[in-house]
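Undergrad: Here's the letter readout for the chains.
Protein chains: 2
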Amino acid sequence: MFKNILIIGFGMIGSSIARSIPKSRKQAHIYAFDKSKDFSKRLKKANLNVSSIKSLDDFKKLSIDLIIVCTPVLQYENILKKINKFNDQSFIVTDVGSTKKNIEDIYYKNNFKFRFIPSHPIAGIEKSGLENGFLGLFENRYSIVCPLKNSSKKDISLVNKFWRSLSMKTEIMTAKDHDHVLSLTSHLPHIISYSLVLTAIKKEKSLNSKLVKFSAGGFRDFTRVAGSDPEMWRDIFLANSKEIKKLTNMFIGELKKFSNDLNLHNSKKLLNKLQKTKNIRNRIVKAKQAGKFIPND
Amino acid sequence: MFKNILIIGFGMIGSSIARSIPKSRKQAHIYAFDKSKDFSKRLKKANLNVSSIKSLDDFKKLSIDLIIVCTPVLQYENILKKINKFNDQSFIVTDVGSTKKNIEDIYYKNNFKFRFIPSHPIAGIEKSGLENGFLGLFENRYSIVCPLKNSSKKDISLVNKFWRSLSMKTEIMTAKDHDHVLSLTSHLPHIISYSLVLTAIKKEKSLNSKLVKFSAGGFRDFTRVAGSDPEMWRDIFLANSKEIKKLTNMFIGELKKFSNDLNLHNSKKLLNKLQKTKNIRNRIVKAKQAGKFIPND
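Here the protein sequences line up with chains V and U, keeping their order. Yeah, the first sequence ends on 297 if you go by the numbering used here, and it's all consecutive. Yeah, the second sequence ends on 297 if you go by the numbering used here, and it's all consecutive.
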């Protein structure tokens, strides 16, 4: 397995990866590169047994065999260009980005040559920063692996094994399929959450402190999703904007129909709609993907 | 304080009230009336020290001094008519309904005479049924109390004290203000969640099992809200349909603007929007109304 791992972009996800690499493999050395302020000081304080590197230009001295890119997705092109400069087959590159087609396009457009197995471990919390990462974030979650046309079976298997060593399940998918699925299960929920909070902000003056006080009736759940890292999400929205736009329109149509049934006081139809949705929740709970919410903690 | 309490509609909320009434007051006897199948058997099994009554027509034998209505809101009119038959000032009636203006209207329209202090304890989980109630549901949450024009100060104070004895904070509000605030903090989030899940159901065939597997990226949070009791929510939507419709339109406008910024790849504006929303989340956490989410439990 991998001996020297470089994590580029060492925020909540990056540091959770470092924390989750199993102890038996801790002889593997982890390096981290991050542009944020006071990074090396903060890294030291976190006491993670991870070495910071100052520049991406000199990582080759370190015999890295796995690079994991964990920055917002619109920073990838610059980073991958630097990696490609070494024109070297001694390391594999993977990532954690929430969009995959745009990343694949960058690779082909630039005619990159390094071994690249794009990935997306589906796990996250609304807090960002290396201090908020934790061991266990990935446990029992899925990592989607999206090999390129020229990826070798061996490399795919190595990256799969890496995610499984963090207690994840893996699933192979094309970048296109990934973006299609995630636009529904992640990107649309986020654009909705942000828009609801923006609606609430507009109404807030007339509500005074009441918005926060009485948020436990549902609103607070949306603020959690809408509390996610702004730069990361701006990049995701821009990178998958076509799929997101299509789905947003479909969702608006559904909402208008609902509102119309309300207008017509169509009691039977409404009840039927509300009953349908419960079934999906039950399946998510059964698949152990629901997480746990403690309402009054 | 109250000696004999009757809870009408003994589901998740009703049973959580029974569980949360402090022990020092357990000399107070709790009665429950519920139309659901096998109710008395299920109540017995739950071992709550609550007596079931068979019919609302004979509760007067029991010297009840507090009635708490906990049914879906469109059942109120029939129930309150039965209560009014006794034309009696010996008990106070309160409730837990998520809409308040329609309930006030029912009271005035029918020229009811009993002492009525409508309330709404803002607390809930997505599970329903008496078996899912628990001690602690109300802890540190707000209960909104919406007195009628003719409510006496003494009655208002008694009902306030009752909610506080369940470890709640209370706030007095008009029914109109209540419905205005809750349409934003609760009703709109619910109609959005249901509509998102309905959108997902339409897409599901093309996604096979992927919707459930990869729900941890945001979608699962919506299924929790959309997993709430269908009858209860149909009634809320119908009872506050005007406010909800207005807000839904406002929200659709916000979503369209967002989608438009995406279309124009308006990167700066997008980032600015996403940064704005984080602030509200922080305030909810500070006010201890956020609950706690364990992502991988």
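One or more hints might be untrue.
[Unchecked claim] Pairs of lysine-lysine, DSS-like flavour, derived with a Cα cap of 25 Å:
no. : chain 1 : residue 1 : chain 2 : residue 2
1   : U       : LYS292    : V       : LYS292
2   : V       : LYS35     : U       : LYS268
3   : U       : LYS153    : U       : LYS127
If you're looking for bench data, these hints aren't it; they were derived computationally from the structure.
Undergrad: A separate judgement is required for each hint: does it hold in the structure or not?
TA: Hints and how they fare:
1. Between LYS292 (chain U) and LYS292 (chain V), the direct Cα distance comes to roughly 8 Å. Compliance with the 25 Å bound is thereby established for this hinted pair.
2. Taken as a hint, the LYS35 (chain V) and LYS268 (chain U) pair is honoured in the structure, with Cα atoms around 20 Å apart against an allowance of 25 Å.
3. For the proposed pair LYS153 (chain U) and LYS127 (chain U), the alpha carbon gap of about 36 Å is over 25 Å, so the pair is violated.
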